[in-house]
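**Q** Sequence:
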Amino acid sequence: MEGHCARPARRGSCRGDRDRLHAWRRRQHDDYERLGNDQRRREIRPGHRLIVATVDDAVRQSDPKVAAQLMKISHDAGFDAILVSSMWKPGAKAPSAQERLTLGNVVKAADTEGMRVFVFVWHGLSGTTPRTVRARGQFAAYAASLARAFPQIRDFVVGNEPNLNTFWMPQFGPGGRDAAASSYLDLLARTYDALKAVSPEIQVIGGALAPRGSDRPGTRRDTHSPTKFIEDLGAAYRASHRSTPIMDAFAIHPYMRTSKLPPTDTHAASTTITVGDYPKLVTLLARAFTGTPQRGPGLPVYYTEFGVQTRVPAAHRHAYTDLQSPSAIDAVDPLTQARYYREALALAACQPTVKGLFVFHTFDEPDLAGWQSGLYYADQQPKPSLPAFRKAAAEARAASLTHCSGVTFVPKK
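Taking the working numbering, the leading residue of the sequence shown gets 1, the next gets one more, and so forth.
Wrong hints could be hidden among the right ones.
The calculated DSSO-like cross-link candidates involving lysine-lysine, where the alpha carbons are at most 27 Å apart (straight line), are [stated by the list, open to error]:
no. : residue 1 : residue 2
1   : Lys-72    : Lys-108
2   : Lys-196   : Lys-108
3   : Lys-196   : Lys-93
4   : Lys-355   : Lys-196
5   : Lys-65    : Lys-108
6   : Lys-391   : Lys-260
7   : Lys-89    : Lys-108
8   : Lys-108   : Lys-93
9   : Lys-260   : Lys-355
10  : Lys-391   : Lys-355
11  : Lys-89    : Lys-196
12  : Lys-355   : Lys-108
13  : Lys-355   : Lys-72
14  : Lys-228   : Lys-355
15  : Lys-391   : Lys-72
Cβ pair distances, simulated, as ranges [as the list claims (entries may be wrong)]:
no. : residue 1 : residue 2 : range
16  : Lys-391   : Ile-44    : 17 to 23 Å
17  : Pro-64    : Thr-132   : 34 to 40 Å
18  : Arg-148   : Asp-76    : 28 to 34 Å
19  : Pro-313   : Asp-193   : 48 to 54 Å
20  : Ala-319   : Ala-92    : 33 to 39 Å
21  : Thr-321   : Lys-391   : 30 to 36 Å
22  : Asp-379   : Gln-324   : 15 to 21 Å
23  : Leu-101   : Asp-333   : 38 to 44 Å
24  : Gly-218   : Lys-391   : 47 to 53 Å
25  : Ser-199   : Leu-335   : 41 to 47 Å
26  : Ser-62    : Asp-379   : 18 to 24 Å
27  : Arg-148   : Ser-240   : 24 to 30 Å
Please keep in mind that the hints were generated in silico from the structure rather than gathered at the bench. Using N, Cα and C, we set each Cβ at its ideal position, and we do this for glycine too.
Work the whole structure out from these sequences, hints included.
**A** Next comes the structure, spelled out in structure tokens:
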């Protein structure tokens with residue numbers, strides 16, 4: 001049974017998805033199978049080109065030389081883009097001088113390496129959720145100020161996992177209604193309008209959802225599944241009678257429940273969405289927005305966080321802290337990591353609306369309570385998985401990674 005935490009080895013154990021309505025399960029399963037059968041009837045074709053990005057704030061450095069060094073390592077690892085964060089703080093309408101300096105170093109380093117910069121603007125943890133119209137307006141103004149300060153950046157992700165109470169509160173309102181989807185809709189709409197006022201060429205990416213959730217109010221960890229959140233986001237959008245879109249693309253973080261599970265696993269009969277559940281995802285987006293000004297069918301998709309953790313060998317443990325942490329008990333060996341990253345890229349290359357897959361980190365987090373899913377250990381030494389990943393990334397960019405039958409990949413001989 002699926003758990004409901006975003007990054008399963010990061011913060012304790014995950015409980016299973018519960019209380020899924022039988023009628024919904026039957027309808028979802030039928031939709032999934034019908035789309036799958038239609039896709040399987042298509043001829044085998046080459047996979048399409050993908051953006052292969054890293055998600056790593058390690059490059060956010062006040063020293064431009066350090067930023068340049070770390071960016072070069074990321075580029076040499078096989079990445080052609082990077083996603084970094086910029087945190088809005090309550091009351092702020094523009095980034096601080098320090099934030100402008102740090103992001104400026106990121107932009108310069110990326111430009112030197114020919115890498116595309118994505119920025120996700122977020123508010124941190126749930127204690128600073130922008131709950132009021134005023135706060136959401138300030139958040140939108142902050143994002144627009146970033147866009148004006150850095151015209152080189154034209155890709156913005158709005159928020160981070162608003163379907164989890166770790167990052168967004170409240171999740172539920174009176175009667176168990178979804179309070180998170182409606183308030184996130186308002187934030188996304190305001191930020192979309194503010195960014196488009198800076199430049200209509202800016203790509204606004206919404207969602208950034210965690211892959212699983214419980215859909216059950218009154219627990220210690222109230223969460224929504226991505227399935228329910230997408231449905232409720234669509235319902236809130238329709239109820240708003242908005243005449244313009246709220247996003248140009250949709251993001252999701254398709255982590256597996258544990259790193260030991262391959263990305264090819266699917267969840268047709270549950271509310272979880274991972275890389276193998278693409279037919280479910282596009283069906284939900286189409287159902288949520290068809291007939292509205294917001295594009296649903298054909299909406300571009302980005303997998304903006306995906307990670308497979310590896311064990312830390314004794315020779316590298318000097319660079320880590322919290323050595324007794326049980327958080328990485330799901331970690332695999334580097335060769336399995338390389339294989340799973342290749343499989344995830346191959347799946348994405350066969351999914352027509354998917355534009356990119358973003359690996360959660362170039363470098364391991366040094367705290368073992370965090371994530372060790374990078375291609376380099378925390379001491380910046382390469383993992384044995386690096387050569388195979390670099391090859392897979394190059395093939396993904398060249399559209400030569402795999403052959404596709406519908407939305408599944410056929411391993412190349």
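**Q** Looking at the structure, which of the earlier hints fail to hold?
**A** none
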